[in-house]
Structure formats: C-alpha cells, structure tokens
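Model the placement of chain V on the given structure of chain R, informed by the hints.
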Amino acid sequence: MANRLMFEKPLGMRDTLPFFYNQKRKAREALSNAIESWGYQFLDTPMLEYLETVGEASAIDETQLFKLLDQQGHTLVLRPDMTAPIARVAASQLKEQGFPVRLAYDGPVFRAQQIEGGKPAQFEQVGVEYIGENSIYADAEVIALQVQTLKEAGLDHFQLTVGHIGYVKGLLKEIFGDDQETSELFLRFLYRKNYVGFRKALQDTDISKEDQDRLKQLLSLRGEEDVLSTAKNITKNGACHEAIHELQQLHEILESYGVTEYVSYDLNLISHMSYYSGILFEGYAPELGSLLCNGGRYDQLLPSFQTEASATGFAVRLDRLVEAVNQQNAENNRTLILFDDRSFQKALKEAKDLRGEGSRVVLQHRNNIEEKALQNEEFTKLIDLSEGGADHE
Amino acid sequence: MNDWLTIAMPKGRIFDEAAQLLKKIGYDFTDVEESRKLILEFPEYKMRLMLAKPMDVVTYVEYGAADCGIAGKDVLLEQDRDVYEVLDLEISPCYLAVAGLPDKPLSKIAPKIATKYPRVASEYFREQGEQIEIIPLNGSIELAPLIGLTDRIVDIVSSGRTLRENGLVEYEKIADITSRFIVNPVSYRIKSQVIDPIITDLSQEI
Numbered sequence: 001m002a003n004r005l006m007f008e009k010p011l012g013m014r015d016t017l018p019f020f021y022n023q024k025r026k027a028r029e030a031l032s033n034a035i036e037s038w039g040y041q042f043l044d045t046p047m048l049e050y051l052e053t054v055g056e057a058s059a060i061d062e063t064q065l066f067k068l069l070d071q072q073g074h075t076l077v078l079r080p081d082m083t084a085p086i087a088r089v090a091a092s093q094l095k096e097q098g099f100p101v102r103l104a105y106d107g108p109v110f111r112a113q114q115i116e117g118g119k120p121a122q123f124e125q126v127g128v129e130y131i132g133e134n135s136i137y138a139d140a141e142v143i144a145l146q147v148q149t150l151k152e153a154g155l156d157h158f159q160l161t162v163g164h165i166g167y168v169k170g171l172l173k174e175i176f177g178d179d180q181e182t183s184e185l186f187l188r189f190l191y192r193k194n195y196v197g198f199r200k201a202l203q204d205t206d207i208s209k210e211d212q213d214r215l216k217q218l219l220s221l222r223g224e225e226d227v228l229s230t231a232k233n234i235t236k237n238g239a240c241h242e243a244i245h246e247l248q249q250l251h252e253i254l255e256s257y258g259v260t261e262y263v264s265y266d267l268n269l270i271s272h273m274s275y276y277s278g279i280l281f282e283g284y285a286p287e288l289g290s291l292l293c294n295g296g297r298y299d300q301l302l303p304s305f306q307t308e309a310s311a312t313g314f315a316v317r318l319d320r321l322v323e324a325v326n327q328q329n330a331e332n333n334r335t336l337i338l339f340d341d342r343s344f345q346k347a348l349k350e351a352k353d354l355r356g357e358g359s360r361v362v363l364q365h366r367n368n369i370e371e372k373a374l375q376n377e378e379f380t381k382l383i384d385l386s387e388g389g390a391d392h393e
Numbered sequence: 001m002n003d004w005l006t007i008a009m010p011k012g013r014i015f016d017e018a019a020q021l022l023k024k025i026g027y028d029f030t031d032v033e034e035s036r037k038l039i040l041e042f043p044e045y046k047m048r049l050m051l052a053k054p055m056d057v058v059t060y061v062e063y064g065a066a067d068c069g070i071a072g073k074d075v076l077l078e079q080d081r082d083v084y085e086v087l088d089l090e091i092s093p094c095y096l097a098v099a100g101l102p103d104k105p106l107s108k109i110a111p112k113i114a115t116k117y118p119r120v121a122s123e124y125f126r127e128q129g130e131q132i133e134i135i136p137l138n139g140s141i142e143l144a145p146l147i148g149l150t151d152r153i154v155d156i157v158s159s160g161r162t163l164r165e166n167g168l169v170e171y172e173k174i175a176d177i178t179s180r181f182i183v184n185p186v187s188y189r190i191k192s193q194v195i196d197p198i199i200t201d202l203s204q205e206i
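Line by line, the protein sequences give chains R and V.
Each residue of the first sequence is one higher than the last, beginning at 1 in full-length UniProt numbering.
Each residue of the second sequence is one higher than the last, beginning at 1 in full-length UniProt numbering.
By construction, these hints were calculated from the structure, which means they are not laboratory data.
One thing to keep in mind: the hints can contain errors.
[What the hints assert, rightly or not] Cut-off 27 angstroms, straight-line C-alpha distance, at most; resulting in silico cross-link-like pairs (BS3-like, lysine-lysine):
#1 R:Lys200 with V:Lys173
#2 R:Lys209 with R:Lys173
#3 V:Lys24 with R:Lys216
#4 R:Lys119 with V:Lys53
#5 V:Lys173 with R:Lys119
[What the hints assert, rightly or not] Looking from chain R toward chain V, a few residues come up when the C-beta cut is under 8 angstroms (computed):
#6 Gly118
#7 Gln122
#8 Gln159
#9 Lys193
#10 Asn194
#11 Val196
#12 Pro286
#13 Gly289
Please read all numbers here as calculations on a predicted model, not as lab measurements.
All C-beta atoms, glycine included, are put in the ideal place defined by N, C-alpha and C.
Isolated chain R, as found in the complex (with noise of 0.2 angstroms):
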C-alpha cells in the first residue's frame, strides 16, 4: 500500500478548527444549560464499550462499527451512540436509586462510512434519556424538551415531526394477522421509504380492496394535529386507537408546554426497524439536507441488560445544529468593512452603526489585507469602501 501523505485521515475523520470549535462550543454550552435546568444530570461513559453488550444492544447497524480487540482478544466497539451505554449504567448502577432517572450526555460517537466521504464518521451527540417512566408526561417532557434546547441554542426554523410505531404495527397486524413476514415487509418498504415498492407489493397481495386502501391511506397520514382524526377513522383496531389516543394527549400536553408550532404528525415515520415502542419523533431544519435531531420511546433496550425498565430520550447533532444555527442567524455572522486613506471616516461610522445593531465587524485598510484572507468565507458580507471598491462614492 501506498505511503500515507502526512495530512491524511481516516476516512470520515475531521479536524475542528478554531472556528468551528468555538461555535460547537457555544451551541453545547446552549443545549447542556437548558437539559440542566430541567433536572437532568449529565454523565459520561467510556468510549470503548464490548461488542456482544453495547454493540449490539445498540440501534446502529453491525457494519457502522468500528471494532478492535483488546489484549485478552475480546472484540470491542467504539461507542456508535450514547443511549446503550446510558442503558448500562442505569441497568446496572443507577438501578438503586429507584425510577425515574433523568439523565443527560454530550460526547463522540463514532459510525464508520463505508463507501464515501460527505457523512463524519466521528461526531457528537448532546442528549437526554429519560429511564423508567412509561407514561405520556415523559413523552411529552422530551418533545418539549427538545423544542427548547433547540431554542435555546439560537434555531428559529424548525420542525419535529411525531409518529407511533404502535399505529403502524396495529394496523398491519390488524390486516395481516400472523402473517409476520409480510407485515415485516411492508414495515421494511416504509422504513426504507420505498412508497413505489409499497404499493406494487400491495397490487400482489390478496388482501381485500378495502384494505389495500387502508394501507395506502397509511402513506399519506402526515400533516398538522387533524391527522390523527383521520387515522383513527381508518381502524377499529384497539392497538391503533390507542396510539392515537396517546398521540392526542401528548398534543394536549405539548399545547400546554406551548411548542405545538414545532410539531407535525406523520403516522407512517419509522426510523428503526426495530428499535422504537412508542411514540418517536425526527427534526429536522430547513439549512440541513439530514436529520438534525430524533429521539423516542425505547422500551425493549434496557431489558437486553436485565432491567425492566421503559425509557425515552432524543439525540442532537451537534454539527449539524452548527451548521443550521449559523445559517439562521446572523449574529455568528461577520461583517468586512474594507477603507482606504480617504473613506476611513465614512468606514468608522459604517462599522461603528453596524456594530450598534449588533452585528461583527471587522474593519481593515485594503491595502494591507491579502486577496486569499478577503476570499475567506468567514466574512458573511463584505462593503467595499476603497477606490475602486463597489461600495466606493
């Protein structure tokens, strides 16, 4: 193999550069004072976990994670997210203190990329779980949660979709009966958001018209809070109704915590094939073309480490949050006034008004600025007050 070149990286792996190390800064310091001031308790976890306890009690797919082996041969994984090793400890040490916990985390967690660059493999997460409470005032408290640490960390534009894993599986299992394999397989098409696939594979069953229909009704079962009036009327199915029903107070609650303008409501989101038991929910920002947070009901993780607990929490991508708060907000923004001898004064009282509105400003003579520092993308908006300039009289 070739000879590395000295400032490559593995695949996927990235440096923070000053810059952007101190607005992940920042929007961290934003998201962890809002968890805290909600009761929650950060901890942390080792970043190297085995592979046959966390590694696989975790959501993410076996070829995402990193593996090494340590001296005694055991395979270890590099933590892929911070809820199963959060599931350990409270399956294991926090048991004692009695249910509910609320706790909270910000780290690493590392997913290996596998065919192109684009996605990091190693990126942080800021989070909450909340363990040991199966009621909708949890759900609730998350949701709301999440709408204020985003807030709070300076988004203006965003949006959480909701849905129940509950309605889904009720409603396959209602026309599919025990037939697992194809209610797995039309789970799967959804999963994969594969609506095309979906329907032919429906044209192929030997369902009856009527539920054909329902099931292709299913597919467009997203929008504002009058969805679920609509859900509930395609099903008698006691699993269905009381999703919905659940979904319903969960709006009530969200109403009072005052977030509902952040939420919609989509019946057919599954993020997980399997993970998920409840209520989840994704958000998502208008700058981002990824998922910018998710989170949900998790109630068969903590058994896998021999506790009987419920649990649900939400994720954010901290980088992500970045990108999209920068995008938004002007403030993390900078302005470049550039003078000459002549406009100084002119460029003094520009930058002098500016930085009243509130704005950054650097101000700097032309002549002593090089063309590759005037071509940084740093600087959002450039007034050119030099001769020659375009903001030249």
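The following block gives chain V in isolation, referenced to the frame of chain R:
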C-alpha cells in the same frame, strides 16, 4: 428561508419524457436543454432545475442539494441511498437483465460479470447461489463477452437491439426499470406544502 424548490433532473433521454410529464401538471421546462447552463431558474414557479447525469441525481437529492428529482430505478437499486421513492412515473421503461453469448454456460470457477451495476449484479447472483466476480465497465458493456473478457453482462435492456446486433442473448430478467420521483427526507417534511401537491398532480397524470 428559501421557499424555492430545487429539482434535480437527469440530462439526456429521460429529460424529455420527464419534461413532458411536468408540462402536463403546469410546469413547462421543455425547451431548456438547448442551453448549456446547469442550473436554471424559473421565478414564475419558484423552481430551480439542476441538470445532472442520471447516475448523480440520487446523490444530489440525498445530500439535500436538491429537494427532489427524477431518477431511474436502476440507479436507486444500485446506490441504495436515503431518499423517499414516492412515485413511479412510468416513463423510460426498460429492464435490467443478464445477457451473454448463446449456449454458453457460466464458467464453474469464478464466473465473471461485466456491468455498470456491480451491486445489483452481485446481489442478484448471490440470491441465485452463485459466487461471481465483477468487472466494472462504464459503457458498451456488450463488448465484454464478445472478446471473452467475461461470461455474462448485467445491463439495461430497452429494445434488445444492441444485444441482437452483437449476437448476444438475454438469459434472465432481473428487474423492471422506470423513472421515479424521489424526495430528500428533510424536504419531504419541511417543504411538504409545496411537494405534496406536485405528487398529487403527478400521480393523476400517470
């Protein structure tokens, strides 16, 4: 907040058919391919078109560079990207097939397959219980069996003419291919008010 919709469109053959379909629902992009511009803006629709290689449309949509796009099922099968496949537009129909010289059995030891679709080909032969080796090629795949480079090819077949004229026969069909309307997972939620009506209108024209 940008309320424009960015659509990634495949250049070439599929573009014309897709543009005809979009014209039916009120968006006329039929005469844009004359220009060599890669990004075209349509303020009247609040839409921006990105003209990309068919193989790249799905990539732009997955990363959110485009909100939605039109892509062949062959590309979706090969690349397995995280996008919503919401509609079968039923345009540009063709299929993926295994072909080769007539009456030539697969070699017993490490049969070789030439293809632009390594992932689809490996999956297919694995399901058939065959372990094969892939020779990736970018075009004129039919050459490979003719000169004895590989046992078979896996490629798109539309009329079958290229195969016939080169003395090749089709062995098995792998999958039917048409173009699909795909949507970025975030845009699907954040821009649902713009995207949903397009999906509804399109589905009525198919």
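Verification of the hints:
no. : hint                   : in the structure
1   : R:Lys200 with V:Lys173 : holds, 18 angstroms
2   : R:Lys209 with R:Lys173 : holds, 17 angstroms
3   : V:Lys24 with R:Lys216  : holds, 24 angstroms
4   : R:Lys119 with V:Lys53  : holds, 22 angstroms
5   : V:Lys173 with R:Lys119 : violated, 35 angstroms
6   : Gly118                 : holds, 6 angstroms
7   : Gln122                 : violated, 19 angstroms
8   : Gln159                 : holds, 6 angstroms
9   : Lys193                 : holds, 4 angstroms
10  : Asn194                 : holds, 5 angstroms
11  : Val196                 : holds, 5 angstroms
12  : Pro286                 : holds, 5 angstroms
13  : Gly289                 : holds, 2 angstroms
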